[in-house]
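**Student:** Need the complex rebuilt from these two chains, each delivered in its own frame; the hints are there to steer you.
Protein chains in written order, with the UniProt record's numbering: chain A, 1 to 512; chain B, 1 to 143.
Calculated directly from the structure, the hints in this document are not laboratory data. Be aware that one or more of the hints could be misleading.
Claimed, not checked - If you want the footprint, here are the derived chain A segments under chain B, 3+ residues with CB under 8 Å: (1) 49-63; (2) 168-179; (3) 185-191; (4) 394-405; (5) 416-429; (6) 458-464.
Predicted model only: the values in this text are computed from it and were never measured. Using N, Cα and C, we set each Cβ at its ideal position, and we do this for glycine too.
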Amino acid sequence: METLNSLADGFVIALTWQNLLLALLGCFLGTIMGALPGLGPSNGVAILIPLAFTLGLGATPSLILLTSVYYGAMYGGRISSILLNIPGDEPAMMTCLDGYPMAQQGRAGEALSLSGIASFVGAFIATWGLILLAPQLVKIALLFGPAEYFALFTLAFATLGGVASTNQAKTAFAAAIGIGLAMVGVDTQTGVPRFTFGEVHLYDGIDFLVAIVGLFALSEVFIFLENKHGSSDAAGKKVVIGRLMPSWAVLKQCTPTMLRTSFLGFLAGVLPGAGASLGSFISYSMEKRLVDKEGTFGKGDPRGVAAPEAGNNAAAGGALVPMLALGVPGSGTTAVLLAVLLSLNITPGPLLFSQQPDVVWGLIAALFIANFMLLALNIPMIGIFTRVLLVPPRILMPIVAMVSFVGIYGISGSSFDLQVMIAFGVAGWVLRKLDVPLVPVILGTLLGNAMENNLRRAITIDNGDWFALIDSPLSLTLWAIAITGFLLPIIIGKVFKRRMKMSRDQESSTTD
Amino acid sequence: MSDRIFGVIGLALAIGYAWAALIIEESFLSDAVGPKAFPLIIAAVLAMASIVILLKPDPEPRWPELPRLLEIGAAVLVMVLYANVLPEIGFVIATAVAASYLTWRLGTAPLSSLVTGIATSLGIYVVFHLVLGLSLAKGPLGF
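For reference, chain B alone in the conformation it holds in the complex (with noise of 0.2 Å):
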């Protein structure tokens, strides 16, 4: 079942490809293919595949149970968040938070887990900036 809905996925994925190629402006001096046939050919080749996943599905692959899903889910949202307040917290702050919770979520106990990230985030800053000189996100503390 997982294959025949990636494969309708991949299929409309694909049309939806050839419609962006479709739409391409194209401009006045062109070569003799232009920009659009080389992206329709990807189109095809896509949707091909799309449709013998569909047909001739693969054995079920093992989804997680629920709770597993929502899990990802959190830890995918932890790190849009990281990525978004990096610049405005600073390096330091907002990586010892998330990693925190990554080290929290994957089983260590609540306390370890803040120190572990702290000591991960610190970890980083020095080897990295400090010492290799890579230039990190600076929050208003300055780091």
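Bound-form chain A, shown alone (with noise of 0.2 Å):
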């Protein structure tokens, strides 16, 4: 009862004419940047942070724009799946499978409109989900003390590689990078500055939304540029649509389908080290192996759309469980959503939830609202959202790479920030052609000072005693839990990611 009196203040906060327009720009532009190639959830947040903050939005309304952004375009980036076959974004690369077949079937519209609602059905419980499982987990939080937040940070970073990680050396290398970058400036406890090599502009530290948007979002351009991809993958391709609305019957199948992946990829999202991409795959082999008798699946079953859409749009829902209740995030989207909440300076965690109650049930209500909009907005505008398709990257790109530069200038008005960006920008194709993932180095310089803040009042405490990092049962369960989480991707990870690539090129095979 409590909850949803909390969740009905939460309406109250969001209801507003200016909350209300800017959730339904936030799913316009969100579907838009899922829906185009080269432009995920990540990117699109990213450089969107600098510009939200800048225009002096409130918190509230700025996290109602940025989250329906993260909605939007995991809604958005299935359409190119449909439609190119080619992803929006990582974790739409399940729904090429069947949706594409669909297409060429000549029921795109069918597909579309029943990814949406999957999409809606997904992120519909797994909110219900954040809403009742978050509060539980902030009882547990409110038991950690600073070494218990200590080993929580660790175990954020050894499982963000997750199950299908390849090379955890690769993985542990970035986070390295990442915390090691958060360390430069001045040191909150002693106020000795560290790492800044005489360099006055460093003092303040890096700012980590500089980070961001040249890691994500330039060098994303750099790669554009390397390839000399400037003209649109659907330039010369005829799409029919089709007719839009599923019969009642397709429906009607659809529906334990996505009940059941609704909830499987919610789990996804919430346990650590697993994500979207993860919960649209799981979703998928379990209900291939479920209800694929006839061996449809891969040839444009509808069920075969539904399933990994509702998977991986309830897996970013329940991403935002850990995120919201512990301050740590399981993925790299909501790693960019933790960077939207500390650059509007609050701290997520469990003391928000009781210190700023409005904050989270607005944003709880805002997501619900921007599920409305969004399966509102999906259906009947999804012509005006496959022209978006037609923008080539030659002209993209450049907008890209420049609406970035505003908005950091915008924070800073330094050119010193920029060059900044451009190293990062650089630094970013060079680790992406080396195979090492960018969201442990965003996540470090996120949380690397919070993680070096906790360790050294967890010692101090006990009167430098290093051994206090590890005298708790609970901190002991996490270290368990951290150094497993660690370790089994070397064990077992390459045999997952050959499987996970070997059922897309078998389906892919059979219908290209």
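**Tutor:** As structure tokens, then:
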């Protein structure tokens, strides 16, 4: 009952004309960004953070705008999967398997609206899951002291690579680089400058927004330049949408699939190291095993479209649980959302729920609103979104670069920050070439200082005894999970990744 | 081979980082851990990760040919120039030039990239400055 009251309060906060307009704008922009190859949810939110920040929007309105973009991008990713067989973002990869064959059979419109409905169901159930689960997690989190937090941060980094990670050394490398960058600047506890080499600009530390925009958005521009990939993938392909609404029979057939995969996706989102890509993958595999009696999966079965879409959107919602309740994100996009919160001076974690309930519940209400808006936008306006696919990257990518510059310049007004951002862009390109994941770098710059502060606090409380880190059962458990989570992919990761790749290759070879 | 070079660079980075951590001047008022310990742990993790990368390299990535590499270098140069002249000549002109360059290099015909660049610049100026009120760099001409 208490929860429902808080939720009602949240709706009171979220339901103003300004917020509704922002949510609408966010959903629209997000869907477009998700649909465009090369601009996923992380990129999209990353280039909009500095803008929301410099526009002087309050905390709740900015959050509403950016989470709408986040949800919108999760919806948008499916459009190019279905129409062009090119996933708009990584989680939408599995949607290609049945979505594209459906489009080839002239049922593109049906596949698009069905996946829209599936996305809605997944996100809707996951938002309820968030409401029910997050407060429970907060109760556990209130037992955490600095030592447990330090262990929790370590756990977040250790499991970030996920089960599908192939090279844990590179994940560790990326995390260390990120945390190392966070150390730059004046030490908060003793006031001595660290790693500044006398450069006054560095005394404040490196702004994580500069790092995020450089690593995600600019490096993407370099990738396109490298491949001289300037023309639109949609050019020359005739896209037939066909009838829009799937028939009741199809909807009825898909309903159990959507419900099952929503739960599964939500779980995958909540658990550390899984995330939306894995959510959609296991959703698809499970459904295939459960209901694919006639072997229609991969040949345009509507259930094969509904399963991964419900799964990945539910996972996106599930990933918000650890991010809001513990302040520790489990995936790339939630890491970017954490950056949003931190740049608005909101520290997520258990105290957020008791001290700023208006932010939490306003945000959750906004998720519901965004969800309904997306459903309403996506079905009738699908024609507009498909037209977006025709924008060639040779025009789009310069705009992305320029908007990134505008955002960062808007925050600080300094050329120095722009140069740091370019450096991050180049570094991001090299790291991507070498297959080093970028998300741990981002998470490191975001969480590095909090991690160090908790370490120092824990040890100072125990008068300099380093064993303070492992002297409670709770922290021992967290350490155990962290170590297992780090070592597990080394043993089973290769097998898993191969299987994920294989199932995709196999399916697409039958359809091409 | 790339990964082996990468591992060596990472190792050098870790040593440099550890050295920079050791020369941090400690204040006379310090907590039990001090400002050096955590950076040293990070340097150790960095070093270990680099050694593993060095010893167990992944398959070679596909590096671009030299002309493509120069292409990226040129784009970086244009961006750095852009960052530096932005406060001098103002947002609209600088952005029009930089956006035209990038559009051209991504394969648009020269004349139409000039048009696209100017349109991009003016579009951003109108949306972000005139409509949303974001402060952009002002040049001598006032825009």
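**Student:** Determine which of the earlier numbered hints do not hold for this structure and return their numbers in increasing order.
**Tutor:** none
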